[in-house]
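**Q** Residue numbers (numbering that gives the first Met the number 0), protein chains in the order written: chain A, 0 to 458; chain B, 0 to 458.
If you are wondering where the hints come from, they were derived from the structure by calculation, not from laboratory data. Incorrect hints may appear among the rest.
One copy or two, it doesn't matter: identical chains are merged, so the pair holds either way.
To be verified - Result set (EDC-like, lysine to aspartate or glutamate): computed pairs, CA atoms no more than 20 Å apart in a straight line:
1) K331 x E205
2) K153 x E213
3) K120 x E236
4) K302 x E33
5) K298 x E228
6) K298 x D19
7) K209 x D159
8) K291 x E354
9) K351 x E6
Each chain is listed here by its residues.
There are 2 protein chains.
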Amino acid sequence: MDKEIKEGLVSIVGEGNYTDHLIDMVSYSYDASEHRARPACGVWVKKPEQVSEILRLATRKLVPVIPRGAGTGLSGMAVPLRGGIVLDLSHMNRILDVRIEDRLAIVQPGVIYDDLQRALKPHGFFFPPDPASGKVCTLGGNVSTNAGGMKGAKYGTTRDYVLALQIVLPDGRMMRTGSKAMKSVSGYDLTRLFVGSEGTLGIVTEITLKINPEPTAHSTAMATFDSLEDAGKTVIEIMHSGIIPSVLEILGRHTLQAINQNTELNLPEVDAMLLAETDGYTQTETDYQMQKVLEVFRKNKPKEVAQAASEQEAADLWKARKSAYAVLARIKTHFVIEDVTVPMGKIVDLLKGIEAIAEKHSLMIATYGHAGDGNLHPQILYDGDDGHEAEKVEEASAELFQLAIDLGGTLTGEHGIGLSKAPFMTLEHDPVAMEMMRSIKRVFDPNNILNPGKMALEG
Amino acid sequence: MDKEIKEGLVSIVGEGNYTDHLIDMVSYSYDASEHRARPACGVWVKKPEQVSEILRLATRKLVPVIPRGAGTGLSGMAVPLRGGIVLDLSHMNRILDVRIEDRLAIVQPGVIYDDLQRALKPHGFFFPPDPASGKVCTLGGNVSTNAGGMKGAKYGTTRDYVLALQIVLPDGRMMRTGSKAMKSVSGYDLTRLFVGSEGTLGIVTEITLKINPEPTAHSTAMATFDSLEDAGKTVIEIMHSGIIPSVLEILGRHTLQAINQNTELNLPEVDAMLLAETDGYTQTETDYQMQKVLEVFRKNKPKEVAQAASEQEAADLWKARKSAYAVLARIKTHFVIEDVTVPMGKIVDLLKGIEAIAEKHSLMIATYGHAGDGNLHPQILYDGDDGHEAEKVEEASAELFQLAIDLGGTLTGEHGIGLSKAPFMTLEHDPVAMEMMRSIKRVFDPNNILNPGKMALEG
Chain A
0 MDKEIKEGLV SIVGEGNYTD HLIDMVSYSY DASEHRARPA CGVWVKKPEQ
50 VSEILRLATR KLVPVIPRGA GTGLSGMAVP LRGGIVLDLS HMNRILDVRI
100 EDRLAIVQPG VIYDDLQRAL KPHGFFFPPD PASGKVCTLG GNVSTNAGGM
150 KGAKYGTTRD YVLALQIVLP DGRMMRTGSK AMKSVSGYDL TRLFVGSEGT
200 LGIVTEITLK INPEPTAHST AMATFDSLED AGKTVIEIMH SGIIPSVLEI
250 LGRHTLQAIN QNTELNLPEV DAMLLAETDG YTQTETDYQM QKVLEVFRKN
300 KPKEVAQAAS EQEAADLWKA RKSAYAVLAR IKTHFVIEDV TVPMGKIVDL
350 LKGIEAIAEK HSLMIATYGH AGDGNLHPQI LYDGDDGHEA EKVEEASAEL
400 FQLAIDLGGT LTGEHGIGLS KAPFMTLEHD PVAMEMMRSI KRVFDPNNIL
450 NPGKMALEG
Chain B
0 MDKEIKEGLV SIVGEGNYTD HLIDMVSYSY DASEHRARPA CGVWVKKPEQ
50 VSEILRLATR KLVPVIPRGA GTGLSGMAVP LRGGIVLDLS HMNRILDVRI
100 EDRLAIVQPG VIYDDLQRAL KPHGFFFPPD PASGKVCTLG GNVSTNAGGM
150 KGAKYGTTRD YVLALQIVLP DGRMMRTGSK AMKSVSGYDL TRLFVGSEGT
200 LGIVTEITLK INPEPTAHST AMATFDSLED AGKTVIEIMH SGIIPSVLEI
250 LGRHTLQAIN QNTELNLPEV DAMLLAETDG YTQTETDYQM QKVLEVFRKN
300 KPKEVAQAAS EQEAADLWKA RKSAYAVLAR IKTHFVIEDV TVPMGKIVDL
350 LKGIEAIAEK HSLMIATYGH AGDGNLHPQI LYDGDDGHEA EKVEEASAEL
400 FQLAIDLGGT LTGEHGIGLS KAPFMTLEHD PVAMEMMRSI KRVFDPNNIL
450 NPGKMALEG
């Protein structure tokens, strides 16, 4: 690290909050994707003013700054591709205010998702996006990737809950966006421009989130199908049923097998299992909705339909679903997880297309995901030390992206573009939209010091 | 109109779809605000390609283009402040597709809000924002102002339902933003940058909207209060009650009096009336929620609490609320309607502040609005031919805006900035945010030909 930069950083954050130790640089070199690159140094910040000073220094020295929360991102967005300074926001982890009458919480970006849920629970409130990594991921990361989760179909994603932000721009200037009122249409929506911008426009130093009263009643049921086609048709018919399940998940055969190999859950090994939850404030309401779901289940040639009779039974089913990512990760030395998303009417085509791609490349692709909003997670399992396998995975990924786009979908429902999908951005976005995105990047970050190399913004 | 421009426009849209007749120019000179300015001509367009050709011509000639739907805006955003071409999109009024399994509808911008509702009803679906002008306003206008309505607290505003847009930029280039998938985090959120941008960045020529299954059960109740304080406290306590009413409206004394003078509804003339609706798929669910509301009503010294016993009784109450704007508009020759919005915890302060401003200026301000999301509509009634009165109204408006900002709120919850609130933008937004908005305007519209003079973007 340049001596002047190091001295500058130390004078801003203090000796103990600066590091260029190898062990830390290795830690900062990765996130939950397969990408790796080492930074020159890292700093732990505590205050927006420190962020401002650091960015001013970085702009003067033209050194990259990579904001980082918990590093749970799946697309490489926290990987310091061009080196530089990792701005570690995990110590800015205070819940600044919970204002129930105003239906909002004000938090620092380093607050862990579950910590906010725990603070809201005594009030009967929750922050709905529910990312799978909720135990460790930070709310700043949620904002940067517009995090979603199992409740997306009914409750939307992070974007739908961010009311206001405090931002530090690359030149060190601070600004506030949005409003702490529930509703505002005052000027351009800078708030949502930052949601999902992956740390490429500015550093989020304070977040105001809308929160919801938590439904108190739930019903859970499952159905298994001997054909993907029937499972897909079931999803489509549920959309027509007049209700929205709070959760509607799908697990494919490989996923079910992997769960069985690693747990005592003893799931049926069929082509597809659908898991549904309905919610409300009364059992009557959740039962009414679940009846609709069960009717559709029964109409579409299920092998088995079962409603969870107890909370324990329901918990077991959700545990199975939630274990998918981890049990699959253990099967081979390497894996890539995608999050292609299509309109729900195309779920059957997406499922079949994934199977065809797996067969073509003789790859194991285990699929599961959020059928209720068309967001599937094909997890490609492979031996990373076998160069040929790795090559096949790259080809298969590219074909998956093309498939999603051909079906009228998107490259990413909730994991973001980062590095993994940057080469594919032009599949989805026309040249004019790409140019506008790049122009917006230049407005906010004219020197390209913020998380450079991500999201195909340099093209 | 410049002869070359006129000939160009006629060759694009045809003789019958071009006008510079005085009567049309007068019609195009206003919207539902008090602002007036005449354009040079107007064109009715049918296709995105025509919009593209017109914008290319306008850019070459540096002539302003003002997009217009039904002209129901309340802030002057459709008023051609600098003359130019009114681009009338009301003939682009086709519902292109309703895809229930994908939970979306694809529409042209000139489709009237209620026409979409009618198309969705047979499927049991609806598009929730519910603007008061739904019978006449267009969906393009809804997108441009991020329209909201009575269901905002539970269902959010237009922003929460726009999935994708087709846009024509000022230089005539076309682009698509967003995705027809329910969820996407692929690149910057250009879609929401356009929502609420008041026609200043590009012309929206196609809109993809997320739609919801419609709740089938409803409960309605009302409570009256002898003090604003008790009514405001009631709103705050409802926020703590663990449920969100689908509607929570407030009507002040002047509003109740005006309704009584113009209808047979015979409402109690108290300081404040609260009207609440809860919804769900079962009567049990709506009753459960309404019980919570009624409990809070009863705790806060109401004069009267009543639950609508029949659909007719409920309909009467909603008719009363919906008539407020029109009956108030008749009381004096002129009126201005604001839509200041504050965090719900500040509703009492806002109500009292409005009263104080009315008293200070000896003005009649009738208040009603969406208490459930903190969005009030103080309607200032005055004699516009009396210069002194008009001056007082301006002063009172400015004080209202300052009050909302002082209470941590926003200038506008759903009516937009347009011309009316442009001078007050810097009250709400810091200089850096203002600069970023202006820079974004320059990226999309470097020649400032699109709806110039609005939203304080030229400062």
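**Q** Which hint numbers does the structure go against, in order from smallest to largest?
**A** Structure breaks hints 1, 4, 6, 8, 9.
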